[in-house]
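Asks: Heads up: the protein sequence lines correspond to chains A and B, in order. First residue of the first sequence: 1, per our numbering; consecutive thereafter. First residue of the second sequence: 1, per our numbering; consecutive thereafter.
By construction, these hints were calculated from the structure, which means they are not laboratory data. One or more of the hints may lead you astray.
Take a look, some chain A residues computed to stay more than 10 Å from chain B by CB distance [unchecked claim]:
1. 43
2. 62
3. 67
4. 69
5. 76
6. 78
7. 84
8. 87
9. 144
10. 175
11. 176
12. 179
13. 202
On the chain A side, residues computed to face chain B include the following (Cβ under 8 Å) [stated by the list, open to error]:
14. 21
15. 48
16. 51
17. 52
18. 57
Quick caveat, the model's predicted, so the values are computed rather than measured. C-beta atoms are modelled at their ideal positions from N, C-alpha and C, and glycine is treated no differently.
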Amino acid sequence: MADFWTEIDDIFSTPDDNTDIRAMVRRAWFFDFQGYPVRLWQGQGKLYGTDGSEWLGTVDAQGRDVHTVPRLNDGRDGSSATYSFTLSIPTYPGTSPLELYNAMKAEQYRVAGRDIIAYLALFKVGEGLRPSTPMVYYKQLTMIAPKFSEKIVLGSSNQMIKQYSVTISAKDGNIGRSNVPGGTYADSVQKERARQKGVALDRGCEFLARLANRTYQLP
Amino acid sequence: MAITIEVLDFPNLPIRSQLYYAGGSTYDGGFSTGGVRIGSPEPGGRSFLEIQLSLQVNEWNDPLVSWLMSKTNGDVFRVRLTNTPQVCPIVKSPWHNKGFAGFNLPWDNDQNWDNNEPWDDDYVLDVTNSPLAGTTGPIHVLNGTTSEGAPFGQVLKIGHVISFDGDTAYMVDKIQYNDAGTEFDIWVNPPLRRSLSADSAFLLLQPFFVGNITNGEEFRAAYEASNAGYIQPGRILLSEVIV
Numbered sequence: 001m002a003d004f005w006t007e008i009d010d011i012f013s014t015p016d017d018n019t020d021i022r023a024m025v026r027r028a029w030f031f032d033f034q035g036y037p038v039r040l041w042q043g044q045g046k047l048y049g050t051d052g053s054e055w056l057g058t059v060d061a062q063g064r065d066v067h068t069v070p071r072l073n074d075g076r077d078g079s080s081a082t083y084s085f086t087l088s089i090p091t092y093p094g095t096s097p098l099e100l101y102n103a104m105k106a107e108q109y110r111v112a113g114r115d116i117i118a119y120l121a122l123f124k125v126g127e128g129l130r131p132s133t134p135m136v137y138y139k140q141l142t143m144i145a146p147k148f149s150e151k152i153v154l155g156s157s158n159q160m161i162k163q164y165s166v167t168i169s170a171k172d173g174n175i176g177r178s179n180v181p182g183g184t185y186a187d188s189v190q191k192e193r194a195r196q197k198g199v200a201l202d203r204g205c206e207f208l209a210r211l212a213n214r215t216y217q218l219p
Numbered sequence: 001m002a003i004t005i006e007v008l009d010f011p012n013l014p015i016r017s018q019l020y021y022a023g024g025s026t027y028d029g030g031f032s033t034g035g036v037r038i039g040s041p042e043p044g045g046r047s048f049l050e051i052q053l054s055l056q057v058n059e060w061n062d063p064l065v066s067w068l069m070s071k072t073n074g075d076v077f078r079v080r081l082t083n084t085p086q087v088c089p090i091v092k093s094p095w096h097n098k099g100f101a102g103f104n105l106p107w108d109n110d111q112n113w114d115n116n117e118p119w120d121d122d123y124v125l126d127v128t129n130s131p132l133a134g135t136t137g138p139i140h141v142l143n144g145t146t147s148e149g150a151p152f153g154q155v156l157k158i159g160h161v162i163s164f165d166g167d168t169a170y171m172v173d174k175i176q177y178n179d180a181g182t183e184f185d186i187w188v189n190p191p192l193r194r195s196l197s198a199d200s201a202f203l204l205l206q207p208f209f210v211g212n213i214t215n216g217e218e219f220r221a222a223y224e225a226s227n228a229g230y231i232q233p234g235r236i237l238l239s240e241v242i243v
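So that you can see chain A by itself, here it is in the shape it has in the complex:
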């Protein structure tokens, strides 16, 4: 049960090995809603992680993924992109998607400020849905707010059906980097900050007030 990146290295093999490189890797998403964490992965069926976690597959039998995930960029490019994750609420007998949709709307307070953590899962041949390689951390995002939408689509048997979907917007850790930091220099502020850091008295800014409206000519 080797570590994920060790397995990937083994699959890539040596630089002068000319066999095909085949790795079955899928993304898994952990939505840490307050009180009700949800685990999803992009595939069919239930995935069992090595730590005992269960991840729900969002691809239906016809190969359609009901969970739309955006392409993830490297956040260091300074753009602080907003990522949108959409779940189209599927219909199945005995339940009402409208009820589920309304119930989600009523609980939307669970979203703000919580984390989305993306993992990668590696499947080796013959493992089925219980990979022996632990899932590796991939990216972390902070959820901002959900958006709810309904639309009418033409169903598979040519009848009109109502489709409900939930979209969550999220940003990565680079959010707010370009904000101007608030703060000022003043004797009282400096003394208070120093006191918070454990310094009893910091007189470094005592002459600051006398510097106001002064012009100094350097020779």
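With chain A held as given, fit chain B onto it using these hints.
Replies: For chain B alone, coordinates are given in the frame of chain A:
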């Protein structure tokens, strides 16, 4: 609050053709070093059962096809697979005189029963390990013996379809017998939907498939006056459902 899904018994209707398959799907996997586009296989997958009913002549007494054609709303059915070559030939198939007739239990004078057939049975085999849900195997099974004590031998092969108690059907992907032929390990496709327990799980050689009808449009046909009420429905495609 758990959802209880009602599972209906698929009506016992004469059929013309049947196929179980679990083909899986692939995603675009990029290019190989040789410049060939390869597919990245879907690790999970779903199984399907295709049934073509034959001309139904009993609708005047029992309009089961009429009922079935309105059950395309996602209702879940439990279907007993007919004895095609996909089912281990433990009993004789009504399609072909193929089967191990000696496995069935005759009267104690070695004669057939009143219906002129030997006794039919659900042949079940014991599972002796506890494979977890999501794995494809190995599932360790004790091979069976006939009512007269003769061993089955290597009758279960790859390509046969089996199911476990209370569960849906799986394809035997790999099988390995021990030297004596009394025990074997199988690997299944798609992966197990439920964990099996060595104490209670058993394997059915005549499997059940649990699924819902996904092609209502194609399946529907009308009753015709020119056919005197006999009806030939279209192809039924059932997709696996986990209940």
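Asks: All hints, please: hold or fail.
Replies: Hints, one by one, checked against the model:
With a least CB separation of 5 Å from chain B, residue 43 of chain A falls inside the 10 Å interface cut-off, contrary to its annotation. Look at residue 62 of chain A: its CB is around 8 Å from the nearest CB on chain B, not clear of 10 Å, so calling it non-interface is violated. No beta-carbon of chain B comes within 10 Å of the beta-carbon of residue 67 of chain A; the shortest separation is about 15 Å. No Cβ of chain B comes within 10 Å of the Cβ of residue 69 of chain A; the nearest lies about 14 Å off, and the non-interface call holds.
With a closest Cβ-Cβ approach of about 25 Å to chain B, residue 76 of chain A is found to remain outside the 10 Å limit, as its non-interface label requires. Residue placement check: residue 78 of chain A keeps its beta carbon more than 10 Å from all beta carbons of chain B (closest about 29 Å). Residue-level check passed: residue 84 of chain A sits 21 Å from the nearest beta carbon of chain B, beyond 10 Å. Every Cβ of chain B is farther than 10 Å from the Cβ of residue 87 of chain A; the closest lies at roughly 18 Å, confirming the non-interface assignment.
For residue 144 of chain A, the condition that its CB be more than 10 Å from all CB atoms of chain B holds, with the nearest at approximately 30 Å. In this structure residue 175 of chain A is separated from chain B by more than 10 Å, as the shortest Cβ-Cβ distance comes to about 31 Å. Non-interface status of residue 176 of chain A relative to chain B is upheld: no Cβ of that chain comes within 10 Å, the nearest being about 36 Å off. With a minimum CB-CB distance of about 40 Å to chain B, residue 179 of chain A clears the 10 Å threshold, and the non-interface call stands.
A cut-off of 10 Å between C-beta atoms confirms that residue 202 of chain A is not in contact with chain B; the least separation is 60 Å. Here the hint on residue 21 of chain A is kept, as its CB sits about 7 Å from the closest CB of chain B, short of 8 Å. For residue 48 of chain A, the interface hint holds, since its Cβ comes within 8 Å of a Cβ in chain B; the closest pair sits about 4 Å apart. At its closest, the beta carbon of residue 51 of chain A sits 14 Å from a beta carbon of chain B; the interface hint therefore is violated under the 8 Å criterion.
The closest approach between the C-beta of residue 52 of chain A and any C-beta of chain B is roughly 11 Å, which is over the 8 Å cut-off, so the hint fails. Interface hint at residue 57 of chain A: satisfied, since its Cβ lies 6 Å from the closest Cβ of chain B, which is below the 8 Å cut-off.
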